[in-house]
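From first to last, the protein sequence lines are chains A and B. Each residue of the first sequence is one higher than the one before, starting from 32 at the first, in the numbering used here. Each residue of the second sequence is one higher than the one before, starting from 32 at the first, in the numbering used here.
Among these hints, one or two may not hold up.
Copies of the same chain look alike in the list, so a pair counts if it fits in one copy or across any two.
Said to hold, decoys possible - Derived lysine to aspartate or glutamate pairs resembling EDC-like cross-links, with alpha carbons at most 16 Å apart:
1. Lys384 <-> Glu62
2. Lys283 <-> Glu307
3. Lys384 <-> Glu449
4. Lys446 <-> Glu379
To be clear, the hints were calculated from the coordinates, so they are not data collected in a lab. As the structure is a computational prediction, the values presented were derived from the model and not from experiment.
Protein chains: 2
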Amino acid sequence: MIVLSGGSGKRLWPLSNDVRSKQFIQIFRKEDGSYESMAQRVCRQIRQADADASITIATSRTQVSAIHNQLGEKNVDISVEPCRRDTFPAIALAAAFLVDVKGISRREAVVVCPVDPYVEDDYFRTLKEMKALAEEGDANLVLMGIDPTYPSEKYGYILPESAGRTAAVSVFREKPDAGTAAEYIRRGALWNGGVFAFRLGYVLEKAHALIDFSDYHDLYAKYEDLPSISFDHAVAEKESKLQVVHFSGSWKDLGTWNTLTEAMEETSIGDAVMNETCRNVHVINELNVPLLAMGLHDVVISASPEGILVSDKEQSSYIQPFVDRLDQRVMFAEKSWGSFRVMDVEEESLTIKVTLKAGHRMNYHSHRNRDEVWVVTAGTGRTIVDGMEQQVRPGDVITMQAGCRHTIIAESELKLVEVQLGREISVHDKQKYELEYE
Amino acid sequence: MIVLSGGSGKRLWPLSNDVRSKQFIQIFRKEDGSYESMAQRVCRQIRQADADASITIATSRTQVSAIHNQLGEKNVDISVEPCRRDTFPAIALAAAFLVDVKGISRREAVVVCPVDPYVEDDYFRTLKEMKALAEEGDANLVLMGIDPTYPSEKYGYILPESAGRTAAVSVFREKPDAGTAAEYIRRGALWNGGVFAFRLGYVLEKAHALIDFSDYHDLYAKYEDLPSISFDHAVAEKESKLQVVHFSGSWKDLGTWNTLTEAMEETSIGDAVMNETCRNVHVINELNVPLLAMGLHDVVISASPEGILVSDKEQSSYIQPFVDRLDQRVMFAEKSWGSFRVMDVEEESLTIKVTLKAGHRMNYHSHRNRDEVWVVTAGTGRTIVDGMEQQVRPGDVITMQAGCRHTIIAESELKLVEVQLGREISVHDKQKYELEYE
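My request is simple: use the sequences and hints to build the entire structure.
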């Protein structure tokens with residue numbers, strides 16, 4: 032199973048931003064009362080449908096930390112795209128990764144699905160059927176068809192040759208104009224659900240036909256030079272041997288606050304109080320202060336260390352241009368080793384809180400233009416400062432002059448306050464080093 | 032002029048709370064683009080009407096820091112009430128303060144007014160007239176009469192003996208029932224504006240009649256035993272020689288978000304963006320992250336380190352019981368020496384940011400149950416730790432074990448990050464000491 036984990040949308044600001052994509056927002060309540068993200072939910076559902084499913088996530092470097100953080104380092108493989116190049120190069124790279132790195136046979140069938148559909152278990156049973164069809168080999172490519180609701184110009188249209196759950200495809204057409212779309216719908220067409228099943232060898236052949244490369248490593252090296260082209264245009268639209276499996280279950284695209292809040296089980300997450308005159312109000316409060324909502328109708332409120340959104344639900348679809356204009360520092364980020372939060376910004380100082388997971392560490396690094404002070408507030412671990420190792424516990428203070436190499440290794444979960452001091456504080460001022468004894 | 036600065040209302044939460052009363056919220060735009068609070072506005076207006084006016088603010092101990100901070104330490108006198116005992120004890124104590132501490136003659140007339148009416152300059156001209164009438168002495172007590180708008184049961188009613196701007200009073204009646212109020216209005220009564228003018232000696236006589244005390248210091252010592260009684264009930268309602276001055280200018284009670292935002296000159300203060308579909312929306316954002324409002328009507332949004340309010344404007348009048356239920360730590364406070372803000376709360380640590388004004392210092396103090404670390408982030412000054420003095424500048428780190436006596440003195444404006452560490456962190460864990468060389 033290849034899961035496509037896409038870009039850094041801002042339509043769910045302030046919870047999504049340049050470093051946290053919407054699929055990592057933990058907003059869906061699980062049975063045990065905790066919350067999971069879209070990425071966690073989809074991977075859990077894949078495993079529930081097939082306990083032995085092996086999952087490869089195709090994504091960019093910026094998401095690797097979040098994936099390790101939320102899904103664990105050993106539960107999924109990651110095919111890292113060196114840069115963004117639409118779905119065809121991403122799928123080709125993931126296929127080459129599976130064959131050349133993971134040693135999977137080219138005859139093996141895989142299913143490619145997006146990370147962000149909000150669906151139920153029947154969806155994943157359909158994926159298994161698609162994979163089985165791809166293995167049978169009557170078609171080169173198996174698509175998922177979804178019942179269309181209106182003649183949208185944003186979807187691909189699949190015209191089956193016959194009625195029934197599974198059928199050969201007579202026409203596949205990406206994003207036609209509204210008139211053509213209406214005509215397709217009249218003739219019984221389905222929307223393309225963005226899910227594909229095929230044998231790995233099939234996609235590698237297509238890739239070799241379009242791109243000159245030898246193996247995974249060569250493709251990876253050439254990735255930046257590849258054109259941006261969708262799998263639909265590059266492969267699906269040109270293929271004559273297509274099959275479709277009709278999926279008529281629940282399927283939601285939770286890309287806006289309006290649709291996302293519809294999928295929330297409660298009206299609020301975090302510290303929030305609503306009075307009895309609120310109607311159809313959803314609050315997601317990631318700040319550690321209370322939020323009080325009174326007398327509101329059809330409103331979504333979302334507060335995070337990045338900012339605060341208060342929006343009429345319908346209006347929330349139009350958020351993107353406003354967020355683009357907010358020129359802001361990343362105030363919170365989850366990393367594979369833990370997380371950080373900016374607590375205070377002054378002209379010549381920056382104070383952040385760092386949480387390191389047990390067993391994790393920072394890179395061994397130095398800064399040219401700033402001094403730093405650590406105050407350990409919780410947990411135990413070891414610091415290495417210019418090669419000198421030291422045990423640390425709450426209350427310990429470590430001061431580091433500019434140029435001094437440093438890291439901290441968490442034994443238990445470790446929290447610290449880091450004060451950065453200097454005239455030119457920048458995230459780019461960081462030199463990394465190998466630790467010699469490693 | 033005695034200005035009564037009342038209690039710690041929560042109706043303007045999250046900007047007002049137990050330590051910041053609504054009269055100290057800086058929300059009114061001045062000509063130079065900066066903002067002033069109700070307390071600053073009223074004192075500025077008093078001085079504009081009478082450059083020589085001497086102002087005494089009658090208030091509780093908890094407000095002394097905020098008053099010094101906003102009005103300066105030398106511009107106003109403060110009559111500190113040891114505890115809250117309604118307006119009659121407060122006015123009597125302030126009168127005794129003026130006579131016994133400030134040495135003002137008992138024959139001198141003063142005006143008492145509340146700190147929070149939102150009024151224009153004509154109001155203060157009326158106060159001067161009232162003072163002049165009190166000095167003439169035709170009446171013992173001069174009241175301000177305001178045009179009533181409906182038979183409210185919350186106001187006092189003043190029935191003048193004759194028409195005209197100034198008149199003797201035939202009846203003064205506190206808070207009658209609605210029927211009686213309507214009858215008074217029919218007969219030409221005015222609302223009591225809560226402003227009184229009298230000779231100091233008059234109020235001291237009334238005080239001696241009700242309370243057994245010798246002078247200011249004795250009254251101060253006995254203050255806690257005094258009954259809570261309003262000046263209207265204790266004095267005005269019983270007085271037969273009353274005059275009224277009719278004030279017909281603009282007069283607003285900005286006690287709720289609804290009325291307060293009406294007096295704002297702009298629709299937002301702080302980092303806020305509203306899209307074009309917002310109508311009658313006001314935003315006050317004291318946080319250092321952006322706030323985006325979309326598609327809202329008749330809504331007030333207020334965000335501070337204490338919390339976030341999003342409310343329909345009319346509904347905002349009903350905020351009190353909800354705020355009472357929020358059991359929360361004070362996250363931000365202005366003090367006479369500067370301010371502090373809580374940045375992070377953990378089970379066994381608390382991180383705050385402290386800003387000291389130039390020339391100011393903390394008390395010399397120690398804590399039984401916590402260690403502390405200071406990291407200076409801006410400015411210069413001196414620390415004294417267990418009697419040892421040391422110059423400090425940005426980047427300096429001071430560690431203090433529990434029990435260790437410490438203070439910091441700001442030479443220029445000084446900022447520091449304070450990390451508190453311990454199992455029982457409490458604001459009550461503080462022992463103060465005199466500095467020996469002082």
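Checklist entry - Which of the listed hints are not met by the structure? => result Those not satisfied are hints 1 and 2.
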